[in-house]
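J.: Here is what each chain is made of, one letter per residue.
There are 2 protein chains.
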Amino acid sequence: MSILVVGSTALDSVKTPFGEMDDALGGSATYFSVSASYFTNINLVAVVGEDFPDNYINLLKKHKVDLKGLQKVPGKTFRWKGQYMYDLNQAETLNTELNVFADFKPRIPEEYCNSEYVFLANIDPELQLEVLKQVKKPKLIACDTMNFWIERKPSQLKKTLKYVDILVINEAEVRQLAGEKNLIKAAKTICSWGPKALVIKRGEYGSLFYFKGQMFSAPAFPLETVSDPTGAGDSFAGGFMGYLAKSRSLKEKDFRRAIIFGSVMASYNVEDFSLNRLKRLDWKQIKQRFLQFRKLTYFDTIK
Amino acid sequence: MSILVVGSTALDSVKTPFGEMDDALGGSATYFSVSASYFTNINLVAVVGEDFPDNYINLLKKHKVDLKGLQKVPGKTFRWKGQYMYDLNQAETLNTELNVFADFKPRIPEEYCNSEYVFLANIDPELQLEVLKQVKKPKLIACDTMNFWIERKPSQLKKTLKYVDILVINEAEVRQLAGEKNLIKAAKTICSWGPKALVIKRGEYGSLFYFKGQMFSAPAFPLETVSDPTGAGDSFAGGFMGYLAKSRSLKEKDFRRAIIFGSVMASYNVEDFSLNRLKRLDWKQIKQRFLQFRKLTYFDTIK
Numbered sequence: 242m243s244i245l246v247v248g249s250t251a252l253d254s255v256k257t258p259f260g261e262m263d264d265a266l267g268g269s270a271t272y273f274s275v276s277a278s279y280f281t282n283i284n285l286v287a288v289v290g291e292d293f294p295d296n297y298i299n300l301l302k303k304h305k306v307d308l309k310g311l312q313k314v315p316g317k318t319f320r321w322k323g324q325y326m327y328d329l330n331q332a333e334t335l336n337t338e339l340n341v342f343a344d345f346k347p348r349i350p351e352e353y354c355n356s357e358y359v360f361l362a363n364i365d366p367e368l369q370l371e372v373l374k375q376v377k378k379p380k381l382i383a384c385d386t387m388n389f390w391i392e393r394k395p396s397q398l399k400k401t402l403k404y405v406d407i408l409v410i411n412e413a414e415v416r417q418l419a420g421e422k423n424l425i426k427a428a429k430t431i432c433s434w435g436p437k438a439l440v441i442k443r444g445e446y447g448s449l450f451y452f453k454g455q456m457f458s459a460p461a462f463p464l465e466t467v468s469d470p471t472g473a474g475d476s477f478a479g480g481f482m483g484y485l486a487k488s489r490s491l492k493e494k495d496f497r498r499a500i501i502f503g504s505v506m507a508s509y510n511v512e513d514f515s516l517n518r519l520k521r522l523d524w525k526q527i528k529q530r531f532l533q534f535r536k537l538t539y540f541d542t543i544k
Numbered sequence: 242m243s244i245l246v247v248g249s250t251a252l253d254s255v256k257t258p259f260g261e262m263d264d265a266l267g268g269s270a271t272y273f274s275v276s277a278s279y280f281t282n283i284n285l286v287a288v289v290g291e292d293f294p295d296n297y298i299n300l301l302k303k304h305k306v307d308l309k310g311l312q313k314v315p316g317k318t319f320r321w322k323g324q325y326m327y328d329l330n331q332a333e334t335l336n337t338e339l340n341v342f343a344d345f346k347p348r349i350p351e352e353y354c355n356s357e358y359v360f361l362a363n364i365d366p367e368l369q370l371e372v373l374k375q376v377k378k379p380k381l382i383a384c385d386t387m388n389f390w391i392e393r394k395p396s397q398l399k400k401t402l403k404y405v406d407i408l409v410i411n412e413a414e415v416r417q418l419a420g421e422k423n424l425i426k427a428a429k430t431i432c433s434w435g436p437k438a439l440v441i442k443r444g445e446y447g448s449l450f451y452f453k454g455q456m457f458s459a460p461a462f463p464l465e466t467v468s469d470p471t472g473a474g475d476s477f478a479g480g481f482m483g484y485l486a487k488s489r490s491l492k493e494k495d496f497r498r499a500i501i502f503g504s505v506m507a508s509y510n511v512e513d514f515s516l517n518r519l520k521r522l523d524w525k526q527i528k529q530r531f532l533q534f535r536k537l538t539y540f541d542t543i544k
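Line by line, the protein sequences are chains A and B. Counting in my numbering, the first sequence runs from 242 upward without gaps. Counting in my numbering, the second sequence runs from 242 upward without gaps.
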């Protein structure tokens, strides 16, 4: 079952204590697509400028990402420049050039309109809603957002959330969006606006899945080397949605496994810069880390 | 199998956004004892002043805590005054009066010297070592410490750690003690000094157990109401050591379960001020939350 993803494609310049890269492949939709491509087929809707390198296009093609929805328009590609200090949870943005992304209007190709799985990466909630109007019979809609939209377009975001099944969002943003410090209460509030479930991302502490008043908790994989956390959240979303689409089932046990597959993909992603680690994964490695997650969290029950 | 615990007994005045209490029962050894008392018998070594209320003594007696090692000396009991703002991870100390605790010299009663399970709560590492010299054939020694000792007595602390099996310590202190930002590398470093395992406490994010190069991760229990986090770490240690002493086994699977029982006791403790929640628990409630932890973390494996 293929997934429609709408979001950004970018050229990132990133510096961390472990190295730096200029104009590397980035963007929320890009990380999501390559991550999810290990599970199912991806239909990408995004925009790039005339300067977008062919080898990045080839990388996406190699992962069988369908590019009919990737608009190439006059101008320069969206660029983000940022750095991380030793606290790898906190990115410091040094420069943002929206370029062609400033006028991005997602056009969903006719053959994508029957997509059953939809991921709205972090873009303007009004554009997210426009996308949903073009999709005919979605089975599962997940979306991401960020503090920028929570602060600037709260009512538009709430309107979009009415149609969303799963909101994928980080812990601080859950509290900010709900205006509530306690995470469970905040999750309840947000779910009263539409979403049936929340994926709460907690960086190096892992994630929580909130579903019908229940919580499922997954740790992040403890790593000795974290090179670059950029894209961890979108890689997570890719593994999460990818597994759900592949399994074609939306039972609670599927969501639990999907959260672990999301955690697996995020953990690989941060091991190298840009998509350098994600692009050379294989199913054996993904499965191996899934089993390591099992070992990391398993304990015998009691009678 | 009984546990010898050496640490502080205190009168705490605590204010949180959810209420306040004056001269409430507190202290590391107190929280540990009452928590562990649900699993096994406890031998307490600590000191109180003449002002220590009888009803607090009675509370300990009710939990069958052996008080032969509780010294009552002229002067006032150790007092701590602190507050928590909405970030319940961070205590702000308003006042500390060491009083009789300033001259505390742990004297281990003869009948405690054969204790097989020993917990050294957070006191001066030189006193911790003095205790270990008095214990004859311990099977398992665990100890806690804090930034105060890491900064002021690093060499004495390292000397004590040579004889310790399990160090129970919070995440920031692991990094501080090892002088290393990466948690796995820091854990390896500390284990090279003596401890066979580390219990790394992460507040609202739960805990990690590091053992022979392996990690086990446990979340904290998501709660809608956290009234007072004071004593969470010592309640955790009580459940952890209590289960190990009760099970009389030190296999990896026992450590995993012990971490969950620690998490259970900590989660109950923070639901009310002082020992108000811990003191009225029963085994059915403990078991129920253990099973909730199982549900919180369980996922089906893959083939």
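No wet-lab data here; the hints were simulated from the structure. Among the hints, erroneous ones may be present.
Stated by the list, open to error - Straight line, CA to CA, 30 Å or less: simulated DSBU-like cross-link-like pairs of lysine-lysine:
1) K494/A x K536/B
2) K422/B x K528/A
3) K525/B x K544/A
4) K525/B x K528/A
5) K525/B x K429/A
Since we're looking at a predicted model, the values are computed, not measured.
J.: None of the hints should be skipped; say for each whether it holds.
T.: Structure-based check of all given hints:
| no. | hint | in the structure |
| --- | --- | --- |
| 1 | K494/A x K536/B | 11 Å, holds |
| 2 | K422/B x K528/A | 29 Å, holds |
| 3 | K525/B x K544/A | 11 Å, holds |
| 4 | K525/B x K528/A | 38 Å, violated |
| 5 | K525/B x K429/A | 28 Å, holds |
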